[in-house]
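Enquirer: The lines below spell out each chain.
There are 4 protein chains.
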Amino acid sequence: MSGSTFGKIFRVTTWGESHGAAVGVIVDGCPAGLSLSEADIQTFLDRRKPGQNKYTTRRSEADTVEILSGVFEGYTTGTPISMVVRNKDQRSRDYGNIAATYRPGHADYPFQEKYGFRDYRGGGRSSGRETIGRVAAGAVASLILRELGITVKAYTKSIGPYKVEANAYHFSEIEENPLFMPNNEVAQQAQAYLDTLIKELNSSGGTIECIAKGLPAGIGEPVFDKLDALLAQAVMSVGAVKAVEIGDGISVAAAVGSENNDPFFMDKGKVSKRTNHSGGTLGGMSDGSPLVLRASIKPTSSIARKQHTVTIDGQDTEISIHGRHDPVIVPRAVVVIESMTAITLTDLLLQNLSSKMKHLKKVYAEDKNVE
Amino acid sequence: MSGSTFGKIFRVTTWGESHGAAVGVIVDGCPAGLSLSEADIQTFLDRRKPGQNKYTTRRSEADTVEILSGVFEGYTTGTPISMVVRNKDQRSRDYGNIAATYRPGHADYPFQEKYGFRDYRGGGRSSGRETIGRVAAGAVASLILRELGITVKAYTKSIGPYKVEANAYHFSEIEENPLFMPNNEVAQQAQAYLDTLIKELNSSGGTIECIAKGLPAGIGEPVFDKLDALLAQAVMSVGAVKAVEIGDGISVAAAVGSENNDPFFMDKGKVSKRTNHSGGTLGGMSDGSPLVLRASIKPTSSIARKQHTVTIDGQDTEISIHGRHDPVIVPRAVVVIESMTAITLTDLLLQNLSSKMKHLKKVYAEDKNVE
Amino acid sequence: MSGSTFGKIFRVTTWGESHGAAVGVIVDGCPAGLSLSEADIQTFLDRRKPGQNKYTTRRSEADTVEILSGVFEGYTTGTPISMVVRNKDQRSRDYGNIAATYRPGHADYPFQEKYGFRDYRGGGRSSGRETIGRVAAGAVASLILRELGITVKAYTKSIGPYKVEANAYHFSEIEENPLFMPNNEVAQQAQAYLDTLIKELNSSGGTIECIAKGLPAGIGEPVFDKLDALLAQAVMSVGAVKAVEIGDGISVAAAVGSENNDPFFMDKGKVSKRTNHSGGTLGGMSDGSPLVLRASIKPTSSIARKQHTVTIDGQDTEISIHGRHDPVIVPRAVVVIESMTAITLTDLLLQNLSSKMKHLKKVYAEDKNVE
Amino acid sequence: MSGSTFGKIFRVTTWGESHGAAVGVIVDGCPAGLSLSEADIQTFLDRRKPGQNKYTTRRSEADTVEILSGVFEGYTTGTPISMVVRNKDQRSRDYGNIAATYRPGHADYPFQEKYGFRDYRGGGRSSGRETIGRVAAGAVASLILRELGITVKAYTKSIGPYKVEANAYHFSEIEENPLFMPNNEVAQQAQAYLDTLIKELNSSGGTIECIAKGLPAGIGEPVFDKLDALLAQAVMSVGAVKAVEIGDGISVAAAVGSENNDPFFMDKGKVSKRTNHSGGTLGGMSDGSPLVLRASIKPTSSIARKQHTVTIDGQDTEISIHGRHDPVIVPRAVVVIESMTAITLTDLLLQNLSSKMKHLKKVYAEDKNVE
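Residue numbers (numbering that gives the first Met the number 0), protein chains in the order written: chain A, 0 to 370; chain B, 0 to 370; chain C, 0 to 370; chain D, 0 to 370.
Note that these hints are calculated values from the structure, not bench results.
There's no promise every hint is true.
No copy is singled out in the list; a pair is fine if it fits within one copy or between any two copies.
[To be verified] Each computed SDA-like pair below joins lysine to any residue, with the alpha-carbon atoms no more than 20 angstroms apart:
| id | residue 1 | residue 2 |
| --- | --- | --- |
| 1 | K267 | F71 |
| 2 | K269 | I311 |
| 3 | K152 | Q314 |
| 4 | K267 | T63 |
| 5 | K361 | L147 |
| 6 | K162 | F264 |
| 7 | K198 | Y168 |
| 8 | K53 | E174 |
| 9 | K53 | D312 |
| 10 | K360 | Y74 |
| 11 | K87 | I66 |
| 12 | K162 | E184 |
| 13 | K152 | N275 |
| 14 | K53 | S271 |
| 15 | K87 | E65 |
| 16 | K360 | G313 |
| 17 | K357 | L147 |
Note that the coordinates shown come from a computational prediction; the quantities given were computed from them, not determined experimentally.
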């Protein structure tokens, strides 16, 4: 079947394998008239580029994007935007031993079962390089959102046991540390922790949080395509994510209604909420408060430590995965989570255009040129 | 837009409002030749029926299902299965005051913003009664899974602070207590807790866990339609769910790779895993181990306590929500989470039929009758 | 798979069998705020009702529609509109002999091959009664179009050899004859022809034409979802249709470019066309001229004459189909073609809302209420 | 919205403009294990390549395809197949004057209305070069069909008034004349006719017929996704097609039932039909007989003759379209129609896998490896 497309109106289709010729994405359904250049995309891609510091894979890729269609004289035309990034540093020899062995924590085994064989080089389709297409699409989505006054921002909330508590956020510090944490002090503790893990040939998990502001109320569809439901799919579809939380997330299970409900009040003529336990969604639609979500990321599966596993021929064996791997994928995944959030919001804003007759009349009243 | 359909091949479309004439569901894409009767559906619906004990709303509904199409002589025909449940006890007067006031924690405000007006009676489309359609469809999905040797079972893991720990599961006790917990002792503590909350005009959250066994490896699509991603959408689309976890869930953020990875080993000629931190998915596909997911449910939003809120005319006001409300929705949501899981698995099993040429040849080799 | 849904935003899902309990439709994605009543739907359904004159089946059905959801206080709410029509006159004995025999021209044989068994009563899912759901949805679509100043009108262009030529159209006469032809004189000749065929236990084909006016230019998507392509699917999906033409249709094959091209000119400040060979579409988008399509309908397959056929056990046999059958289905299919056209136009108008940034800004500039 | 994707399981997404950097296609949902090389694709592309003789545009493009993903060691992997063809001969100066003028018969005007501006170079997205992606996908589909014993073949049935009658088909001659007609003699007459039109700065329409053999009965979904309905969309979505016919097509309108019905009979133990007026479909599903469809193609819109038109500023003007244009597009469209047919059949064969429980059991009985 076809699981490489996300979105109903703003449709993002990624393609490509880790060690194939290229990876890329088609963005279909982008409205015409959006200012868009390769530089806009590149800025986003550079945030997930490998080899930036010792916490990211040393694979050396420029990850330079080329826009092949859908843009004319600096503006989107309304037709599919095809973007491609050539794979350059395809050191296949690093991965040779995994052709015949299933790496623990990786997709190798189910991939082999599903398709009967697999492109074993560097994880193939299940490689993190697939997310290049998501980030390129996320860049486009973010530009649309910006035109509507909506901002999306993701950052690292925790690495292993080191966590930025809600009262210790310094958003200006996010870009100041290599882990993209909104608190340089916690980031330093986390770095020391990662240094230890690197020596121990081990890896760490962490948490990414994402906040969107400026979203009008009523975005999201009331039943299966709830704002939070589609965000859950979008975020959980990023490899290594094992939990998605909205607002208070798992802590609601232990809460009582009188505390969990956010009271409404009028603030300068606008409906507002005193608190935001809901994380910006009510009944699956945006409620006008900031949207808040969190993703729990598992530790990098590729570790140099010896692990027990089996071969594709059904023999017990051991494996040590050498090569170029991040001790933690959280920092590079930050822009991926931000991109998936932006894509989801964009798609739902476009879907919402048809929610009421009033919108139709507004659009078609003026544009009409009929015989 | 159209957010009332879930699934790509096994397509479930629910319809209906809390206080409209009826609620129902269309299941399109159900394979022909499945034995199916109204009694099969009713068994599932009875598990979410209101009025069963003091922890569930006293609204009195028989919730009797009628199958209107898609079944002939006891078997599905391959055409859409239309199922309908008439609403009977529509005591609209209970809800009169909410026409002009937004209830905290409810969808009232974003609904009004989205559509310009709303069916305010009992939550309208955002009512829990919408899940009747999901459960009816879940019953069909469960029958398909059963024919393939796959079982899905959900239960209450926690209510407020009362939680069944992993080493205290007694699955046989699930049906023995009104909270559907796999430990009668914890269930009794939770009941006492709920009794207190009822007196205090308050409500509680909780956690539902769902386990699926017998799923072959390789089910789920590798990118956006990952098994865990679609389960996340499916489960988060149930009202009141604020977090979805797979396997170790949020605890992976604090883990290290050497512990989080599940080592493979051969067990009686079969690829197996020593542990199941992954919760049965790798790279978004089933890995042959039991699938494990959890949903965190917020406390019932409707509480009789006085709450601050605003009117649709933009005036600050207070509201006390009387009427028939569950102090906790977890027990009744158990079968809804189980249904959404069964629906998702069924759809992905059907999607997986086209994963390899070998499947096509197997199916078309025998069936062919061509001129 | 699931082939019972049409449309991407305005989604129409029909269900039901000829001799099941009921037939119906879900319309999901209808914008909120449209005035809608059961009487609006009934008016459309009455145009395809059986038993109106000697050229239509004598099956006696009131075909009374009930709206079960999606409408509140006379307006659509934006949630799924569920409409149902109970089957009343299910004289199954009329159809008993077809359980074991494949009727020539009918779906019996491929249905049996596809699903392994079938609801043989009255054609089951392939019965013309399935179109009740289409017409009910078409009524909703037509109301949306009317609010935007768009009209859709279908009529009978030919019955057997009797055809209304382009220069002989009298649109006011369409409702004046039982065949819905825009020329009473031709209609009378066609009626005489049908009278003869009835005596001969035979049936006739015919042509339906449909014209839509008031459509703005630019509706339709440029590649696979072209306006004419989706109309072709919509119209060809009506049983018995064997050809779909747009504008000059098949006669373009023998034409030359200098004649087939429609010259543009300015008419009162508006871009207009001197001719309309294109039938209102250019490059798959509306061009501002009236949309013109035609459907060629095959003769009713059920005829009382003896025909050669085979049994499901693979024996040669003969069959005479008695019961209540139309000698021509064209007149009753007129409203079905009109409905499918209206549905397609509505869906593409809704899709077109997201075609340019200008639309987004127009809609979201005013509606915003953000914290 | 997103109209660049066709198919539900075998999903084809084309992208690219006439004078952009490249054109291409993503084929998602192709089963794993199909032998596939660039040479397989190139063979198909060469059939629509420009510059092959005097009846096709002299634009000089090698149209060399590169497969960027989804194939590993000569076999499809089940992941998206990305194929790209670089545009080389982008002589934009030829098209300069059309930036400000709407060409009659072209998409210029509705494109401008829909998106507010357009890539005017060579027709942009509405150029015939978009079909390169369709043909590349058609090549993949054809290989799948071949593995299942199904063949699809298209050819030119008529050019202007010169038509190959049903009793004059010589299929072996199709490749022997530059018009791909199954009759060299008629082809010569048609060539003489085209020579005259070229001198007269004019163009011709024509008819393409396509036949598929080996299709099992029961393929196609009974309601909106009928085999013939999806073929109608697929074929009508090819630019310049103005009519689609199945089997007897428009002539059924004048027929009577006793002649139009195809009698069944048993032939060597197999259900067969004496005639094939139906063109291989009954009730929207394949009936085991050869599938027959026809497309009516309008004359090339670009003619060097002077035509009346208007500017984008709303001024009446005249235009003569010089440059490199085919006097007839029928011969180059043959492989496009064949491709769209192959794509549609492949998608419906994959959809049909889930039609009955028997299929599921067949596939999952053997593949299972579960804990």
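Enquirer: Would you mind marking each hint as holding or not holding in the structure?
Expert: Hint check results:
1. K267 to F71: neither (43 angstroms within a copy, 32 angstroms between copies)
2. K269 to I311: between (61 angstroms within a copy, 11 angstroms between copies)
3. K152 to Q314: Neither, since 46 angstroms and 33 angstroms both go past 20 angstroms.
4. K267 to T63: Neither way: K267 and T63 sit 47 angstroms apart in one copy and 49 angstroms across, limit 20 angstroms.
5. K361 to L147: both (17 angstroms within a copy, 10 angstroms between copies)
6. K162 to F264: Answer is neither: 32 angstroms inside a copy and 35 angstroms across each miss the 20 angstroms cutoff.
7. K198 to Y168: neither (30 angstroms within a copy, 39 angstroms between copies)
8. K53 to E174: within (16 angstroms within a copy, 53 angstroms between copies)
9. K53 to D312: Neither way: K53 and D312 sit 36 angstroms apart in one copy and 57 angstroms across, limit 20 angstroms.
10. K360 to Y74: between (26 angstroms within a copy, 16 angstroms between copies)
11. K87 to I66: Intra 18 angstroms, inter 16 angstroms, cutoff 20 angstroms: intra and inter.
12. K162 to E184: within (10 angstroms within a copy, 35 angstroms between copies)
13. K152 to N275: within (17 angstroms within a copy, 33 angstroms between copies)
14. K53 to S271: neither (44 angstroms within a copy, 35 angstroms between copies)
15. K87 to E65: both (14 angstroms within a copy, 16 angstroms between copies)
16. K360 to G313: This pair counts as neither: shortest intra-copy Cα distance 64 angstroms, inter-copy 25 angstroms.
17. K357 to L147: Both, since 19 angstroms and 11 angstroms are each at most 20 angstroms.
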